[in-house]
Amino acid sequence: MSSFLIEPIYDSAVVAFLVSALVVTILVLVTPPTENPKQRRWLIGLRFLAAFILMLAMFRPGFVQTDTRPAEATLVVAVDTSRSMTFPDDDRGDRWTHQQQAWQKLAAGLGTLDESMSVRLLGYDKTANQLDSALPTALDDRTPEGDLTDLAAAATAAIAAAQGQPLAGVVLMGDGAQTAPIDGAGAERIAQMLKTWGVPLWTIPIGPAGGQEANRDAGIDALPESFQLFSENEFDVNFQVQLRGLAGTEVPIRVRWIDEAGNSTVAAERQLVAEKANEVKGMSLPIVAPAPGVYRLNVEVDPIAGELVTSNNLQTAFVNVREGGGRILYLEGATRLEQTYLRSALRRFPDLDLTYQWIPRDTEARWPIGLRDWFQKGKFDIYIIGDLDADAIGREQLTQLAQSVSEGAGLVMLGGYHNYDAGGYANSPLSDVLPVQMDASRRISIQSDDVDNPRLQIAGPITINRSRPHPITNIGGEDADATWSTLPNLLGANRFVGPKVSPGVQVLLETADKDPLLVVGEYGRGRTAAIAFDSTWRWWREGRSEAYRRFWRQLALWLLSREEDSGDRIVIELDSRRFANESDTGFRARLNSLADEPTQVKLSAEIIDENNRVTAITDTASSTVAGQQTVTGMIPNLAPGYYRLKVGPANGDAKIKAETLAFQVIDQSREMLMPMADPGYLRQLAEITKDHGGAAFSHEEIDQLVEQIAARRHQAEAPVVEKQMLGDDPLSGWLLFVLFAGALSTEWYLRRRWGLV
Numbered sequence: 001m002s003s004f005l006i007e008p009i010y011d012s013a014v015v016a017f018l019v020s021a022l023v024v025t026i027l028v029l030v031t032p033p034t035e036n037p038k039q040r041r042w043l044i045g046l047r048f049l050a051a052f053i054l055m056l057a058m059f060r061p062g063f064v065q066t067d068t069r070p071a072e073a074t075l076v077v078a079v080d081t082s083r084s085m086t087f088p089d090d091d092r093g094d095r096w097t098h099q100q101q102a103w104q105k106l107a108a109g110l111g112t113l114d115e116s117m118s119v120r121l122l123g124y125d126k127t128a129n130q131l132d133s134a135l136p137t138a139l140d141d142r143t144p145e146g147d148l149t150d151l152a153a154a155a156t157a158a159i160a161a162a163q164g165q166p167l168a169g170v171v172l173m174g175d176g177a178q179t180a181p182i183d184g185a186g187a188e189r190i191a192q193m194l195k196t197w198g199v200p201l202w203t204i205p206i207g208p209a210g211g212q213e214a215n216r217d218a219g220i221d222a223l224p225e226s227f228q229l230f231s232e233n234e235f236d237v238n239f240q241v242q243l244r245g246l247a248g249t250e251v252p253i254r255v256r257w258i259d260e261a262g263n264s265t266v267a268a269e270r271q272l273v274a275e276k277a278n279e280v281k282g283m284s285l286p287i288v289a290p291a292p293g294v295y296r297l298n299v300e301v302d303p304i305a306g307e308l309v310t311s312n313n314l315q316t317a318f319v320n321v322r323e324g325g326g327r328i329l330y331l332e333g334a335t336r337l338e339q340t341y342l343r344s345a346l347r348r349f350p351d352l353d354l355t356y357q358w359i360p361r362d363t364e365a366r367w368p369i370g371l372r373d374w375f376q377k378g379k380f381d382i383y384i385i386g387d388l389d390a391d392a393i394g395r396e397q398l399t400q401l402a403q404s405v406s407e408g409a410g411l412v413m414l415g416g417y418h419n420y421d422a423g424g425y426a427n428s429p430l431s432d433v434l435p436v437q438m439d440a441s442r443r444i445s446i447q448s449d450d451v452d453n454p455r456l457q458i459a460g461p462i463t464i465n466r467s468r469p470h471p472i473t474n475i476g477g478e479d480a481d482a483t484w485s486t487l488p489n490l491l492g493a494n495r496f497v498g499p500k501v502s503p504g505v506q507v508l509l510e511t512a513d514k515d516p517l518l519v520v521g522e523y524g525r526g527r528t529a530a531i532a533f534d535s536t537w538r539w540w541r542e543g544r545s546e547a548y549r550r551f552w553r554q555l556a557l558w559l560l561s562r563e564e565d566s567g568d569r570i571v572i573e574l575d576s577r578r579f580a581n582e583s584d585t586g587f588r589a590r591l592n593s594l595a596d597e598p599t600q601v602k603l604s605a606e607i608i609d610e611n612n613r614v615t616a617i618t619d620t621a622s623s624t625v626a627g628q629q630t631v632t633g634m635i636p637n638l639a640p641g642y643y644r645l646k647v648g649p650a651n652g653d654a655k656i657k658a659e660t661l662a663f664q665v666i667d668q669s670r671e672m673l674m675p676m677a678d679p680g681y682l683r684q685l686a687e688i689t690k691d692h693g694g695a696a697f698s699h700e701e702i703d704q705l706v707e708q709i710a711a712r713r714h715q716a717e718a719p720v721v722e723k724q725m726l727g728d729d730p731l732s733g734w735l736l737f738v739l740f741a742g743a744l745s746t747e748w749y750l751r752r753r754w755g756l757v
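Take the sequence shown: its position 494, counting from 1, is numbered 494 in UniProt numbering, and each next residue is one higher.
Careful, some of the hints might be misleading.
What the hints assert, rightly or not - List of simulated lysine-lysine pairs, BS3-like, C-alpha gap at most 25 Å:
#, residue 1, residue 2
1, K646, K602
2, K657, K602
3, K657, K646
4, K690, K105
5, K690, K195
6, K195, K126
7, K514, K500
8, K602, K655
Don't read these hints as lab results, they were simulated from the structure.
With the hints as extra help, turn the sequences into a complete structure.
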């Protein structure tokens, strides 16, 4: 609407009128008379024109334009850029796709509204940042990569994005899941602040709400990080299956071997039925170790329909399978304490598989006992014979046993009353196999009571002395002799005729009187040991269980030819073989050397990924401790996946072999472990500002949101008055000045020309 008005000087029309009348009177009175009336009319006309212009300047006429329009304001739109937006929303797409579509539609709708409203687009995860543009295509080339979601940070940044302009409103899109730690009152505090300012908060929840059906999940947990196995050994894989929202559902479990070339082989499969809505089931599956090599053992559960989180459906253990095996056959004839503790100790080691067979003495009438194919080549790797008469096994089977030992099996005979020469082994095929001499004349009947004959037995207590260093008897490190001297005394021992005099035969343990207690030797390609005692169980009972287990394990490994060699070798240790990508995980590597003068070499470390890309670890520390060179450092921040840590000589010394240790970086992001959307929370936030038009809309209701924003802008309209007064702007001011000066100048020029001056 337009109207005419005047704004006279001093805001007084009377003053302007009097001044104008005075000016006109003066102009008339001072105009001199002329002989030519026409000349006088020109002079008076020009002076009246100047007077008129002067009166216009004093009365300042103009026009007033009155209109209503929205005030300048800013609309802020915040979109969720966290990784949880990659989760499915419904059958038509994931959350990010639906958010992109919602923004495109909203941006197009806002483009039709008034130009007095500017739109700013933010992306938020654990922080919030303004995007470069607010075009409908602003999200087309972006991907959600944030590790956490902080709705409070998004709301706070929305206020800051207005940059001092009034807020037309705030639009908050996302799944509503707050995964970042909450600082203070969180997003509710910001919503209350918007309410105080009279600013509406509009939310667009994206993603399904939680619930038992939507919260379906099956995961593998508690699988050991690593195994050390012997080929063809059977061992148990123990783990847990976590089930949620799957009552009555059949869940398939699968165990796979993954070799270094990436080839996959199914080792076991099971079907598990969930009985409750939420439960944890422990499982133990027997698995046979494959051929020697380095493997990954994957325990996995197939994804369940409707399951959002699948990153926990698989867990990996790293397995080192060594050549041969640790299959042990233990034959015993007496139910004594030694066999009880020995069986318990050997079965504690997952790389040793023990088969125990008791042959009671009251079965003598049926001797020899048929032991199936147990003595055939390759059936067992170690044979242990306890207090058992040779007749219980029989000559034919002992011949098979001797042949198996010659072809690589290990044999150990324990102390007792009815073994060695007293048990008839002097005339058996094992007389050539065992590393001690035997006298057939010392044979006693299985029914004899003369078992404590000093000719056959050494009375206790017996102190054990170590004769020489050996992998079997190195149970105390550098102080092994002291360790042996502090072990509980033996209750008795067999009195050997003596060790054989042949290559490879060694006395490792003896009494104070030099009677041999442990003699080792070789037979063909196999290793043998003769033990005179049977009361090491006392070590365990008197608090020396570690020494007990270590001795028997090292004996088993030596019989398997698996003891450490004497060369330089790098040993790598990791804090964990399976850790989260944000964990601080350290490593240590040392150069083991048994030489008197350890090799001086600098060690370097590097990371090798699945594509054989190499990343050097430069931030390491080197030192020498107890003659061992070590290097320590931290694993750098890596993306989830499988890697190898490689440590070797920095100078490329070919004499020292570089070693690798595989590990896994897993994704334990809180963002990805909380897959359920929380649309209810976003609705609650919008509800706080409902008095000012705040509300929640689905991603399919963007047209309604645009209408709501437009209605809100209409409510914010205010009268806008625009005045255009004569002389206010440079153009009209200069025009008045030129006309006024032109009129007076022309009048003076004419008077001069006409000779009136």
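Query - Hint numbers contradicted by this structure - result: Violated hints: none; all satisfied.
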